[in-house]
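Asks: Spelled out from the first residue to the last, the chains are:
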Amino acid sequence: MAVRMTMQAQMILQALLRDPARELYGLELAEETGLLPGTAYPILLRLENEGWVTSRWEDISPEAEGRPRRRYYHMTANGAAQASRAIAAARRPSRAALRSLAEEGGYT
Amino acid sequence: MAPPAYSSPAGPSRNLVDALARVFGIGGTGAGIDFAAAGCLIGIVSGLIGLIVGLIGIVSGMIGVVGGVLGVIASGLLGVIAGGVLGVVAGGAVGAGAVWRDWSFRGSFSVFATRAGGRDAMPAASRLMAKASPRIMWVASGLMPRAAGKRWLEEAQSYLFEAPREHRSRTTRNYLLTAPQVIVVSWTYVLARRIRLTRGKAETGQSNSSDDPRN
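Chains as they are written, first to last, in this note's numbering: chain G, 1 to 108; chain E, 109 to 323.
Keep in mind the hints are simulated off the structure, nothing from the lab.
Please note that a few of the clues may not be correct.
Only pairs whose alpha carbons sit at most 20 Å apart, straight line, appear in this in silico EDC-like list of lysine to aspartate or glutamate [stated by the list, open to error]: (1) E:K258 with G:E63; (2) E:K239 with E:E274; (3) E:K239 with E:E270; (4) E:K258 with E:E274; (5) E:K258 with G:D59; (6) E:K309 with E:E274; (7) E:K258 with G:E58; (8) E:K258 with G:E48.
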């Protein structure tokens, strides 16, 4: 199943690509992307199933820390390369869009 | 004195009747043909064919009816389950959203606010919904594959614990609204993985059997 390059998916990928080695958890991702975690979750699930992103539970004792453990996400090496290409392709205007722009501008 | 032999002017031609009589091995009685025997034989053969065709028709009809009944039951059950699931999740999400917007509804929803005593009734409803939302989330997580549901719920709890207080209601609503999507995505991947595993096992089994030196 291919990853759909929606705006939200691109925002998440860009946040993770800023520093591919860095791990982000839900709250950080929400702050960086401006997306609510419920929206980000299904996208992260798809990216993870495609092998672009990997995740792990924080290795802490919730009782000792006094808070639930976090789920950390980060890009895989293969995922970073594929995501960069996919974002570049998504940003590239289609031929039809260029043609209609040219027609509007009277360049044809 | 014998009466004269009857010959029908509109009857079948003599050649055709003779040929039929020869085919079915029916002898003529003198110059005439035993029409009754030929007709009886043809009737029996066609009757047998009709019986067989009829039996086949009945059996296939019964199979069709059974299949149809099973299909109706299965599709009905699926419809009920899918409708119920989506109804519970969407109803919970809409309800949660409604309360968290402090009953500032437009249109038909404003009726509830008026009946409940307007804005004075809001805190009670809001408290009720705030109590109900973890339960709705728990129900929604139960509709996902076991591991995916557990992880979704745990991540939501973790986020909600750390999120600013004023964002919690909006976040919970968002989690509930996207729950059907998570249910679909997680089940899709679980089923796809199972199919891949089954195929992999089947292929491994085939290759093993072909590699087997005893074969």
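Asks: Hint by hint, say whether it matches the structure.
Replies: Comparing the hints with the structure gives:
About 19 Å separates the Cα atoms of K258 of chain E and E63 of chain G, which keeps this hinted pair within 20 Å; it holds. The hinted pair formed by K239 of chain E and E274 of chain E meets the criterion: a straight-line CA distance of about 16 Å does not exceed 20 Å. Taking the CA atoms of K239 of chain E and E270 of chain E, the gap is near 19 Å; set against the 20 Å cutoff, the hint holds. Between K258 of chain E and E274 of chain E the alpha-carbon distance is near 25 Å, which puts this suggested pair outside the 20 Å criterion.
For the hint pairing K258 of chain E with D59 of chain G, the CA-to-CA distance comes to about 17 Å; that is within 20 Å, so the pair holds. Using a Cα cut-off of 20 Å, the hinted pair K309 of chain E and E274 of chain E is violated, with the two alpha carbons roughly 51 Å apart. For the hint pairing K258 of chain E with E58 of chain G, the CA-to-CA distance comes to about 15 Å; that is within 20 Å, so the pair holds. Taken as a hint, the K258 of chain E and E48 of chain G pair is honoured in the structure, with Cα atoms around 17 Å apart against an allowance of 20 Å.
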